[in-house]
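Asker: Take a look at the letters that make up each chain.
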Amino acid sequence: MTFLILAAIVLFILAGIRVMSIAALSAELRNNRKDDVITDAENRSQGNMWVIFMIAFFAFCAWQLYAYGDKILPEAASAHGPAIDNLFYTTLALITVVFILTHIVLVYQAYKNAGKNGRRATYFAHSNKLELIWTVIPAVVLTGLIAYGLTVWNDVIYPGDKKASVIELYSKQFDWTARYAGKDNKLGRSDFRTIGEGNDLGLIEDSKSDDDVIVKGEFHLVKGEPVQFKFRSRDVIHSAFMPHFRAQMNCVPGMETMFEFIPTISTKEMREKLNNPKFNYVLMCNKICGAAHYNMQMDIIVESKEEHNKWLAEQKTWSQTKAAATQTASANEQLKDTATSDK
Amino acid sequence: MSAMDPNNTHSEREVQILHSAHDHAHGHDHAHDHDEEHEHHDTFITKYIFTQDHKMIAKQFLLTAVLMGVIAMLMSVVFRLQLAWPGKSFPILEPILGKWAPGGVLDPNFYLALVTIHGTIMVFFVLTGGLSGTFSNLLIPLQIGARDMASGFLNMLSFWFFAASSIIMLFSVTIESGPASGGWTIYPPLSALEQAMPGSGLGMTLWLVSMSLFIVSSLLGSLNYIVTIINLRTKGMSMTRLPLTIWAFLVTAMLGVLSFPVLFAAVLLLIFDRSFGTSFYLSDIYIGGQALEHNGGSPILYEHLFWFLGHPEVYIVLLPALGITSEVIATNARKPIFGYRAMIASILGIAFLSFIVWGHHMFITGMNPFLGSVFVFTTLLIAIPSAVKAFNYITTLWKGNLQFTPAMLFAIGLVSFFITGGVTGLILGDSALDINLHDTYFVVAHFHLVMGSAAIFGMFAGVYHWFPKMFGRLMNKRLGFAHFWLTFAGAYGVFFPMHFLGLAGVPRRYYTFTEFPIFNDLVDINVLITWFAIISAVSQIIFLFNFFFSIFKGQRSSQNPWKSNTLEWTTPVEHIHGNWPGEIPEVHRWAYDYSKPDREEDFVSQITPLTEKEIAEGAH
Chain E
1 MTFLILAAIV LFILAGIRVM SIAALSAELR NNRKDDVITD AENRSQGNMW VIFMIAFFAF
61 CAWQLYAYGD KILPEAASAH GPAIDNLFYT TLALITVVFI LTHIVLVYQA YKNAGKNGRR
121 ATYFAHSNKL ELIWTVIPAV VLTGLIAYGL TVWNDVIYPG DKKASVIELY SKQFDWTARY
181 AGKDNKLGRS DFRTIGEGND LGLIEDSKSD DDVIVKGEFH LVKGEPVQFK FRSRDVIHSA
241 FMPHFRAQMN CVPGMETMFE FIPTISTKEM REKLNNPKFN YVLMCNKICG AAHYNMQMDI
301 IVESKEEHNK WLAEQKTWSQ TKAAATQTAS ANEQLKDTAT SDK
Chain L
344 MSAMDPNNTH SEREVQILHS AHDHAHGHDH AHDHDEEHEH HDTFITKYIF TQDHKMIAKQ
404 FLLTAVLMGV IAMLMSVVFR LQLAWPGKSF PILEPILGKW APGGVLDPNF YLALVTIHGT
464 IMVFFVLTGG LSGTFSNLLI PLQIGARDMA SGFLNMLSFW FFAASSIIML FSVTIESGPA
524 SGGWTIYPPL SALEQAMPGS GLGMTLWLVS MSLFIVSSLL GSLNYIVTII NLRTKGMSMT
584 RLPLTIWAFL VTAMLGVLSF PVLFAAVLLL IFDRSFGTSF YLSDIYIGGQ ALEHNGGSPI
644 LYEHLFWFLG HPEVYIVLLP ALGITSEVIA TNARKPIFGY RAMIASILGI AFLSFIVWGH
704 HMFITGMNPF LGSVFVFTTL LIAIPSAVKA FNYITTLWKG NLQFTPAMLF AIGLVSFFIT
764 GGVTGLILGD SALDINLHDT YFVVAHFHLV MGSAAIFGMF AGVYHWFPKM FGRLMNKRLG
824 FAHFWLTFAG AYGVFFPMHF LGLAGVPRRY YTFTEFPIFN DLVDINVLIT WFAIISAVSQ
884 IIFLFNFFFS IFKGQRSSQN PWKSNTLEWT TPVEHIHGNW PGEIPEVHRW AYDYSKPDRE
944 EDFVSQITPL TEKEIAEGAH
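These protein sequence lines are chains E and L, in that order.
If you use this note's numbering, the first sequence closes out at 343, no skipped numbers anywhere.
If you use this note's numbering, the second sequence closes out at 963, no skipped numbers anywhere.
Among the hints, erroneous ones may be present.
What the hints assert, rightly or not - Capping the alpha-carbon separation at 25 angstroms, the derived lysine to aspartate or glutamate pairs in DMTMM-like fashion look like this:
(1) K742(L) / E943(L)
(2) K906(L) / E42(E)
(3) K402(L) / D36(E)
Source of the hints: derived by calculation from the structure; they are not laboratory data.
Build out the structure end to end from the sequences listed, making use of the hints.
Answerer: This is the structure in structure tokens:
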């Protein structure tokens, strides 16, 4: 509602400006026009407009911060998340200061130096000292920022040799499939040419894939345990984006990409924190991939080790799925045979 | 005869040599080659259509860009309606879009098509072709003191390739299967495989053909600009006396010549993959129920090639706008641009760095993370020359006598956008932060402010400032004021709130956000943004009215309406072939002697000789 009122006020002011300018225009069209000369009165009013604009602009920014500030960067639910958030807030603090100060100076100069007949500008063409100052200061600040940023980047991207359990996230237009590496923590190999009914991921005969577990719709992670994602794509580029975990990596056909993190807040805890019993972490596609790109998602459940083991035990392994498929196939075969013989 | 004038021999001879080829072919005279009684007898076709006069070509580029800009802007309003009120029926859409808006609700495929074509038109046709095409053509010969471009014929070809590519791009929107829809970056395999989306069929073929022609146009133009600036400067116009507009156009043209061929390579390989069964970008793909033969390629190769153009392209768009701003701010502050040489150095610095930062678009594509670190370093360095530019603009205003012409307002508006959009580059250029913000609305906010809004404001500043030079009349200033403030407020109203969407994790290029409960409480931001988009779009009617009305009915301009120093204001108001009726004036000083002490007037034209006192003080 607030924004509607605000929008109405803005519209009203803007409409007012337009009406005034049209009235003035018709007057001008009748009289002699002087479009190449800006009068003192016009310079003064435009100078003032800059101040009005700045106040309105800063108020608009502040209002947005008030209205939406609590929705940005939802609490990070991964071990590396807070490091990224700290880097973000540090950078944000820095650029906010620059943004506000430069705008104040810019607008003040526009306001103060609004043109007047008979006044003369100061001939001031350059100053090595000033230029040195605003070359060196940004350079120094940026050096710090680059060093800080790269430290965080290296920590996130090279997480060290923790024993992470491996999960494959397989993308295609327009859904996700997760494959757990099973007891051996090794994913079986695959080949896209073997994709077909009952073999969505194109797995090939490989002892490592027998204990792999394939799930759709939602996948589960263990709170506090590192997980290494391996991403593949069947058709076009997708991007696995898990905003709550500050994690994202593209899924590129023809190659395997990786991202590793440790979930730190279980779904249950997050629901309590947000006071929202329906909350779920979500994996979404963040690289344009076609008509239903906007709805390519999978829920993520973070839970305790016990809960996780229980859930995983309920899922079928690849060898069980295959066996079931063979049974169904032969049953179908038989059914078909019976059907034909009946005729 | 002017050509015999000893002062001008050098540049005149160059013109004659360069022009001789088409002079013979067309039997075409040039005013400067002959005495004045040999007047031109242009037909309608040679004067308005297949013209070789740089001033007319500039107007052709401008009018085409205005048309393309209006179309791309209307497209954005249509998809903004869908984003604010997803699934709501807008009965007005059905008669316009037909099967793409059944029942007045936008189709998801056509939503992506609109996003794609909006981006393509704005980036290439308005802010590259339109901005450089208009102002490089208009200002290079006029501000360096040349009769015309080095090759009027290539210049004409440049426009007509641009026109042809514009027509093909617009035509592609009307075809049965829809235009290209894979985003303006057209990453394969999405863009390579018709099975992936309908827009990747004939629509994508037309996109590729259109862009190939566009690249030809851009190269013909850029080569011409470079040759003209280097060879055809009038006597006394040393490189360090050039207005900053010309420096910006020169460096922009160099960026174009070095980077557009790489885009052409990328496009060509994509055409091969699409039509001739090669596998540059394709491997291991199963789509539409079958495994494809393509093997061994990589989409990452395309991304490298694309962004090797794509990043310099950002500066191809922005540098001319910054050049125009330098000129407009100095003229209307009645002060020399502050730090002229630092401004040149920063243009060169930005241009150099722009070639070694492309990887910051690819931090999370699976590119080697170490390479990511290198690109973080080079990317953040760009902030240094950018900061120098921003501070120099502000210092130019200090103790000035600011004349708030509409052009001046837009130029200051550009500085504001440049700062607001620029600072968020420090966030996105940091690979660790990009993990969470890549391809979100934060990116949309960033580039629409720093490159979209800033560049378009530079273009508006240029149009208001040089309108008298183009049409001999002035645009109405009060309509200009209204246009500026509404557009300025509108643009911030549209793009600033997008930062919040992005930080909340909202991805770009989504048809609707209703499928994700976590975005439910952000819906009203989208309504706010759409209202501002509508306000901005409606405000452009003021501009269009002012523009077309003033062409015919505007106040007649004097020779030098803004009391400017540069050479273009020493030419007559009426356009003539060869620009100056007599000999080309000689240049004696730099372009920024505004409010020079000891002078009665607050400007000193570049053709005014230096006084002995000035020489003694070391002026040059």
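Asker: So, for every hint listed, does it hold in this structure?
Answerer: Hint check:
{"no.": "1", "hint": "K742(L) / E943(L)", "verdict": "holds, 18 angstroms"}
{"no.": "2", "hint": "K906(L) / E42(E)", "verdict": "holds, 18 angstroms"}
{"no.": "3", "hint": "K402(L) / D36(E)", "verdict": "holds, 21 angstroms"}
The structure fails none of the hints (numbered hints given earlier).
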